[in-house]
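K.L.:
Let the hints inform the model, and build the full structure from the sequences given.
Residues in the sequence shown are numbered from 431 upward in steps of one, following our numbering.
I should point out that these hints are in silico values taken from the structure, not numbers from a laboratory. A couple of the hints might just be wrong.
Cross-link-like lysine-lysine pairs, in silico, DSS-like; alpha carbons within 27 Å at most [unchecked claim]:
no., residue 1, residue 2
1, Lys628, Lys801
2, Lys628, Lys690
3, Lys528, Lys559
4, Lys801, Lys820
5, Lys820, Lys718
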Amino acid sequence: MPWPDYPTVRPPVTDSQHDMKHAAGTLAFLARCVVVGLAAAFVIGLVWPASGERLRAGLHLPAAPAASPGAQAAPAPTSYADAVAVAAPSVVNIYANKIVNERAIKMYDNPILQQMLGGTLTTYARPEKTLGSGVIISAQGYVLTNYHVIAHATDIQVLLYDGRVAQARVVGSDEETDLAVLKIDAGNLPVIQLAEQKPRPGDVVLAIGNPLGLNQTVTMGIVSAVGRQLNDSSAEDFIQTDAAINFGNSGGALVNAEGKLVGINALLIGRAANAEGIGFAIPADTAKNVLDQIVATGHVMRGWLGADYSFVPVTADSGLPSAARGASVTDVYPGSPAALAGIQPHDILLRIGDDDIRDPADLRKRESAIKPGTTVEISGLRNGSPFHTKATLSERPAMSADTTTATDDSQQ
Numbered sequence: 431m432p433w434p435d436y437p438t439v440r441p442p443v444t445d446s447q448h449d450m451k452h453a454a455g456t457l458a459f460l461a462r463c464v465v466v467g468l469a470a471a472f473v474i475g476l477v478w479p480a481s482g483e484r485l486r487a488g489l490h491l492p493a494a495p496a497a498s499p500g501a502q503a504a505p506a507p508t509s510y511a512d513a514v515a516v517a518a519p520s521v522v523n524i525y526a527n528k529i530v531n532e533r534a535i536k537m538y539d540n541p542i543l544q545q546m547l548g549g550t551l552t553t554y555a556r557p558e559k560t561l562g563s564g565v566i567i568s569a570q571g572y573v574l575t576n577y578h579v580i581a582h583a584t585d586i587q588v589l590l591y592d593g594r595v596a597q598a599r600v601v602g603s604d605e606e607t608d609l610a611v612l613k614i615d616a617g618n619l620p621v622i623q624l625a626e627q628k629p630r631p632g633d634v635v636l637a638i639g640n641p642l643g644l645n646q647t648v649t650m651g652i653v654s655a656v657g658r659q660l661n662d663s664s665a666e667d668f669i670q671t672d673a674a675i676n677f678g679n680s681g682g683a684l685v686n687a688e689g690k691l692v693g694i695n696a697l698l699i700g701r702a703a704n705a706e707g708i709g710f711a712i713p714a715d716t717a718k719n720v721l722d723q724i725v726a727t728g729h730v731m732r733g734w735l736g737a738d739y740s741f742v743p744v745t746a747d748s749g750l751p752s753a754a755r756g757a758s759v760t761d762v763y764p765g766s767p768a769a770l771a772g773i774q775p776h777d778i779l780l781r782i783g784d785d786d787i788r789d790p791a792d793l794r795k796r797e798s799a800i801k802p803g804t805t806v807e808i809s810g811l812r813n814g815s816p817f818h819t820k821a822t823l824s825e826r827p828a829m830s831a832d833t834t835t836a837t838d839d840s841q842q
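P.N.:
See below:
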């Protein structure tokens with residue numbers, strides 16, 4: 431007997447199951463849209479690479495900054511013509527006439543006397559013309575140059591950038607810094623701008639001057655070092671540069687990439703010393719200080735303690751670190767401020783006034799900057815024990831600059 435064909439009975443679909451089925455369908459639809467959109471974006475990016483930037487521009491959205499591996503300096507300019515245009519009008523050519531006394535052997539005209547007496551030592555004067563450069567530092571007509579350019583000159587002519595020629599007189603000079611101040615009577619003078627910041631090793635610098643009579647010549651280099659001291663007894667320091675400095679560049683301008691003065695070109699160590707690319711300039715702040723003092727008083731006044739110094743000796747039993755700071759006193763001049771203050775040889779000076787002493791050169795620079803007649807407190811070590819004293823600095827005796835470090839090429 432066959433089984434009866436009963437209808438299939440399914441459970442009724444609830445509302446929750448219906449909602450789940452609808453949600454799954456919606457998600458599947460969205461997933462298909464995302465896949466299609468990404469595929470389309472990929473194809474568009476390959477065909478039109480700049481479409482993203484255009485889209486952002488259309489939506490007024492800022493573009494994402496380009497990724498960089500790290501902080502990088504601004505690219506160097508392709509030309510320094512603007513800096514030269516700023517500085518060059520302030521650089522002048524200097525032509526000095528000198529009378530030079532030379533010693534020679536005078537020979538007799540009579541051959542018998544010459545055979546019997548030989549020659550006699552004599553001195554004769556001969557005229558000599560030198561050339562150099564200068565920098566207009568004031569609208570009143572003050573010009574800075576090197577002392578060795580105009581030393582013993584009987585006549586000084588200054589050729590300006592615009593072709594004018596002016597007679598110059600010496601206001602004053604300072605052999606120690608190899609600086610001289612000239613005065614010219616001319617109007618509408620272009621004055622150089624002084625740099626606000628001191629140069630750093632690696633900074634680009636331009637030397638402008640009158641080398642070999644080729645006026646307004648520009649050479650480029652970098653600051654090789656700062657704080658160079660060429661004379662152990664001098665308080666001054668120099669900027670070292672590899673910008674080409676030649677005969678006639680002395681007294682010219684060393685400017686930065688903005689055309690602002692950072693130094694006065696002074697000398698070079700040339701090939702006679704197996705050197706190349708080693709030149710020196712007097713820092714602009716030193717030159718400005720010399721100028722101000724010469725204009726005000728006619729000469730430069732420097733404080734003087736009256737002692738010689740060397741680096742602090744470091745020995746195994748000294749108890750001092752290997753990088754000891756300060757200055758060791760090697761000699762004290764009788765009757766000097768140092769002697770009157772009780773400072774003794776072998777004392778280690780660590781502080782003068784409110785300033786710590788780094789090394790002997792730093793001490794010489796700081797004492798020379800103190801106005802003569804000023805009383806300062808000096809601190810240091812004596813036989814390992816601290817001591818304090820007071821000294822009233824006097825005016826430093828006149829001394830000639832020692833330029834034996836430079837070769838004959840330095841006499842520009």
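K.L.:
Looking back at the numbered hints, which does the structure fail to meet, lowest number first?
P.N.:
5
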